[in-house]
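Colleague: With chain Z's structure known, arrange chain R on it following the hints.
Protein chains in written order, with this note's numbering: chain Z, 1 to 109; chain R, 1001 to 1359.
Hints in this document: simulated from the structure, not taken from any laboratory.
A couple of the hints might just be wrong.
Computed far set for chain Z versus chain R, every beta-carbon distance over 12 Å [said to hold, decoys possible]:
# : residue
1 : T5
2 : K33
3 : P59
One-sided excerpt, in silico: chain R residues whose CB lies under 7 Å from chain Z [what the hints assert, rightly or not]:
# : residue
4 : H1042
5 : K1205
6 : H1209
7 : L1211
8 : L1230
9 : R1317
All values reported here derive from a predicted model rather than from experimental measurement.
By construction, the Cβ of each residue, glycine as well, lies at the ideal position given by its N, Cα and C atoms.
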Amino acid sequence: MEGITTIGPGSLVPEALKIHHDGYRLIQICATKVEDEYEITYSFGKDYDMIGLRMRVMPGAEIMSISNIYAPAFLYENEIQDLFGIKVKLMTLDYEGNLYRIEHKKPFQ
Amino acid sequence: MSVRSVVPFGPQHPVLPEPIHLDLVLEDEKVIEAIPSIGFVHRGLEKLVEKKDFQEYVYVAERICGICSFMHGMGYCSAVENIMDVVVPPRANYLRTIWCEMSRIHSHLLWLGLLADAFGFESLFMQSWRMREKILDMFEMSTGGRVIFSVNKVGGVRKDMDKEMLREFLKVFDDIEQELKVLTKTFLEDYAVNSRLRDVGVLTKQQAHELGAVGPFMRSSGIALDNRKLGYAAYPELDFEPITSDVGDCYARCDVRIREIFQSIDLIRQAAAKIPEGELAAAVKGFPQGEHFMRVEQPRGEAIYYVKANGTKFLDRVRVRTPTFANLPGMLETLKGCQLADVPILILTIDPCISCTER
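For reference, chain R alone in the conformation it holds in the complex:
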């Protein structure tokens, strides 16, 4: 006869860089239910909109998360730009696209490293993060920052990349692509990796839809949705299709993210080839009045920036729906029926960002 017990998981756990807690209801070693607790480090950044004007709030928005900081800043700025009918110069849109894709690559490489670390493959962890370091170096060269960049502003961007810099970056991306091909072989073909990821934590297409999953977590269950197709920044001028898998297990999530890194490198090459000369930012006059929902495809999935403005320099409301918040119900579903030993891997495969969730 099976024994039922409740095992507390987190908020402090070796596999969790940030705090989330789960009460795991087990029958012997099998999880039958998981009840989440978040809110250990809720920062109230949305409330700060009462004290920072709409221009200053860009700096708050990009501090929502240290991994997607560029996209948080851009998502917020795009929402305000839509309200104010500001037309962002084409060059700024291309620069934003390049920085967005660099963010996606470094986020996915970070995740690959964490995944490797979670199943004890330390050399794979080290190689993934070594490659990621090159992206951070390029961020530092082009923005001056490695975590917080402060290059977005309402109306465009503050910094440029000249031709020489872009040429150098493309060479680095050529190297990263070659190195990633070697790592891909290990991530997708190694026996130990396969045994930990295959057929673990399956989320079906129907479940992904019903539970509102987003990003690679959703796409690896067969739903071909990618908000970059909505046409913000320079994406309408670039050629790409959402990357999907029909399998829906942890392996599929790893596979989709790896292929998205190659796709991002390709998008950067396309953007670098097409980037026009021109202004970096449009002039912004007056104060915003109105509201807008801006949907952006972050590395972890769809992020939504809702901005409501009243015609003064202070906004009525900024609300950010982050991808991890949307992926929690899907994660809970995948935990049902899994073995206790697989819980850390399963949690990791949604690529949780509690910093975003605790905005």
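Isolated chain Z, as found in the complex:
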């Protein structure tokens, strides 16, 4: 997709840091199940411009939080953790699966 750069999970934090230094704000983080993997898309905006980072992770994998770079990220990351069961490490505030009080845990897993 135009404007979205595919990266490996190991590059997430440095790439997010670079984008932050370029003056972009965090717009959203979204996970999607694609075949047997999860695709996570991070969207950033400056003025009306929107760019993105995208990475694929295997079920059971852990990803790093970017909430130390982008403070609002903790909400999106907790949402992904709750709905997809993707463990996010080092979030500034970790609800440990309890952001949403849902009967069926990890519904998108």
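Modeller: Chain R in isolation, oriented as in the chain Z frame:
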């Protein structure tokens, strides 16, 4: 020596029509930290995409929220239309624009009423909601619904407004504009209102950017961004600029929203003057394949509709990032340092919609 305590706020609270909980860490009466809890009524509407086909999902999308239901439906349809390269007829784009601005006016009037109610100005609350009722009447006349309208479909709209109806609506908007001028004087000049809103809950421009704030909450901190400028519906053909304030306090948020109501009335007048004759919807053939991020300016700010389609009638993913979800970090920041008595007003000034957040 100050006393530190934790006060639970919500999920049930007189100022909150919907459930959100905050653990407020206080030093005496001063808030030093707020930890949010949401998810009390999470509905799993995004999961329903597995059971409803891409045409049926329009009805689910507009049920995300009863205030912005039209824009939720339109945002979702626009995302699918972009994926399928469907060109929406110009008349449908103008009709969508008019309904969008009517939604903004009734949402902002609802918020003004709730704000007045929160600081105990009941007659102001009543007047705001009395005016809002006229917008709902116009919605009922043009769509048949007052909350859920079901006029959006992939490719355009289902209902039209004829010239006579538009003429009648413009007369009602003239009345609303005059009445709002009177209310504006009270909202922006009354001593009691000023004392509750001025210098309370300041969010600086830098904080608004860093915390990803959106909508009037962001614009009242001096950031001139409005997604209507991205050019969806008929907005590219209308003349307007984002409304901002440099102050960033609760008063500025009230001021920006009031001025946005006047702007919306002006946009409706422009759209009614320019609306062309023509079809209401384009034919949609086949199934969508691909993905799209659609960004729409809702009354509360930027909403994002991500749709991923696989070429069948069922979509792989629909994800809606609502404005309130984006504004929560900013709200938490404004709570730091405020007095406990100001917490309800502060929460209200982001115009929280938990229904959207708990999609």
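Colleague: Are R/H1042 and chain Z close enough, Cβ to Cβ, to be under 7 Å, as the hint says?
Modeller: Holds - the Cβ of R/H1042 comes within 7 Å of chain Z, reaching about 4 Å at its closest.
Colleague: For the restraint on R/R1317, tell me whether the closest CB of chain Z is nearer than 7 Å.
Modeller: holds (4 Å)
Colleague: Is the Cβ of Z/T5 more than 12 Å away from each Cβ in chain R?
Modeller: For Z/T5, whose nearest Cβ neighbour in chain R is about 15 Å away, the distance exceeds 12 Å, so it holds.
Colleague: Is the hint on R/K1205 kept, meaning its closest Cβ partner in chain Z is under 7 Å away?
Modeller: violated (12 Å)
Colleague: Mind checking the CB of R/H1209 against every CB in chain Z and telling me if the closest is under 7 Å?
Modeller: Where the cut-off is 7 Å and the nearest Cβ of chain Z is about 5 Å from R/H1209, the hint holds.
Colleague: Do the numbers back the hint for R/L1230, that is, is its least Cβ distance to chain Z under 7 Å?
Modeller: holds (6 Å)
Colleague: Taking the closest Cβ pair, is R/L1211 under 7 Å from chain Z?
Modeller: At 6 Å from the nearest chain Z Cβ, R/L1211 passes the 7 Å test, so the hint holds.
Colleague: Far enough from chain R: is every CB of that chain over 12 Å from the CB of Z/K33?
Modeller: Non-interface label on Z/K33 violated, nearest chain R Cβ at 8 Å vs cutoff 12 Å.
Colleague: Quick check for students: does the CB of Z/P59 sit more than 12 Å from each CB in chain R?
Modeller: holds (16 Å)
Hints 2 and 5, counting from the list given before, are not met by this structure.
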